[in-house]
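Chemist: Spelled out, the chains give:
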Amino acid sequence: MFIGHFTERPYQDPKSGYFGATGKSIKDLTVSNDIYDPILGSDLYNRYLDEKIYAEEMGFDGLMLNEHHSSPFCMGSTVNVEASILARITNKAKIVLLGNVLPIWDDPLWLVEQLATIDMISKGRLVSGWVRGTARESVAHNSPPAYNWERFQEAHEFIIKAWTEPGPFRWEGKHYQYRYVNPWVRPYQKPHPPIMLPGVVSRDSVVWAARQRIPYVMLATQLEPTRQSFEVYKETAREEGYEAGPQNFGYLWKVHVDETEELAEEVARKFVQGPSNPFNAGNEGTANLALNKLPGMTSRRKTLPTAQVATANRGGQLSRSFEDQVDDHTIIFGTPKTVIPKIRHVLEYLRPGSVFFWDGDGAMTHDDQMRSLRLMGEEVLPAVREIADELELPSSFEVDPKTGKKFDVMEPETPDEIAATPRD
Amino acid sequence: MAGEISKFEVQEIMIPEGKLQMRIAGEGEPLLLLHGELGFPGWMGYHRTLSEQFRVMAPSHPGYDGSDRLDWAMHVSDIAGVYLQILDDLELSGIKMMGFSMGGWLAAEMAAMDPGKFSKLVLVGPMGVKPEKGEIYDLFLNLATEFLEESFLDPDSVEEYATIRPGEPSPEQEELWEVGREQSARLAWKPFMYNPTLPHLLRRLKTLQTLIVSGKQDSIVPFDSLRIYNESIPGSLLSLINQSGHRPEIEKPDDFLKLVTNFLK
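Line by line, the protein sequences are chains G and R. All letters in the first sequence, in the order written, are residues 1 to 424 by my numbering. All letters in the second sequence, in the order written, are residues 1 to 265 by my numbering.
Think of the hints as simulated: they come from the structure by calculation, not from any bench. No false leads were slipped in.
Lysine to aspartate or glutamate pairs mimicking EDC-like chemistry, simulated, CA-CA at most 20 Å apart: (1) G:K174 / G:E150; (2) G:K174 / R:D78; (3) R:K190 / G:E150; (4) G:K27 / R:E146; (5) R:K190 / G:D107.
Construct the entire structure; sequences and hints are all you get.
Modeler: Structure below.
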């Protein structure tokens, strides 16, 4: 089991008036950055980095970051900058990017170089996820939505080639062309940093991930449609001649732990009290229908079982209540004692090898997050690891999703062996 | 409705990568009509009237309505090249051509590539040229219904408004609009709805009689785009129809048809 920590890094500014359930609802891409307070922004960026350091200290395996543009719900518009900082200020945890928005890069060689640099500085701790991005990302960087999927696939192929094959080489693709590909930084990890694919909607993406044997992470979707979407992956895997296992699946959902049940509930309710977030059920804000219909962004027919739910959620304010989410386990809160069996339920239901606890979001304060991280580290993570062992849920770092076989555990060489080995 | 539909026939035009739908009606000199960004708008009053004088040829462009998409075509000029090949195959030359909105841009590209193939050119509210003042309405960041509403000055006064923008569009209609928007986005997402080199290429149209027309109150394509078309095409005529938005052929059909049929004679 691989356990990661995630927050959207919301821009929390009660005085802006845009504070979700406790303020004005946000219609996506309609809030001017004129209200941006740089002092507050600076404090928040540093706070979220501090929380990642503490998450590592408390035993999380992964520090997950995501990227969105031009919206207050997620301050992470340059995920590689945050990852670069984590590369240097953390030591052990993997830096999980879920992920870079491939299609919006007109020059993916920058990604080849930036990500390899992060892998270098972190000494091989980068997990490099890709996303197609939402409509707002394509709008913000004016990337053609109708070619989003083609650009995604071509950029992926290009990046993997640039990471794995010696340069220089030329690339003459449909969307990207280079006359001299020979980046003077190569990934620390061989053959290249592991890839993950997160998503909620696109069937194309799941099928593609399954064909490439890339682990797929479902983001805060309801349990049954998530299981059905994993089935799409599994069916594709069978067509490809392999059995997908827990190492091929990840799941992210909201988990908050606190000192008492009362406090846990009070704080968990803050999930839906921050700036409106189209992905944060219960506080999605007002749907921008034109964004939902950005031409060509997603195949109009090839969506997943989760898509219906994901888009239904974006139909307006508070479309899925806090209570509904608690009932169906997409929000879990409580003391360590009450949280652990609920997490067990999710693990049994979905059988993911990787999980990401989405916490410290909405209107939660730094203190709220730190208490939860501490209790997770002290009690929840060890218990979850035991449950995962019992349920046999290996992560993609224990069982290679490319082969379905356990990774070889390299025993460190003894001094005698080192001395006996001829060296150049 | 059935009676009206029977007034034109639908032919399939074969091209190497697929087929296009072409609606044909009337007798006389060929008049090629090129639809705009949402696809073929339906057989409207102006189609009927024009088909009384001309052999109206109204195709659906590749990727719109029932016409096959060409995956390689990423620019309006690519579609222009395809149509010129089709005209070659049909052995048509010296014909009249009229394009609406994005179809006006397409017509201008075709004419710039092969001005000798055409005898008269009418550009109706043409997109395709970057205005120095104002901006072309962003139909990709607005819904099809919003775009259509913005295309008329006074919807209440428009007889065919309910046809072009039904109060409750059918799922089939919504799907056709989305197909059209997607194909338009494939061709003109960036730069949005213009070709920066087009004004320089339009000088070749000096021997082609050209009429540029739109509604005086067009809030989709700024007047400045029309001005640049007018200045770039030597000898072209520019005419604005009073009390009309972007779709004078539907909002003021009588004024529009009087103007264009007079020009096309």
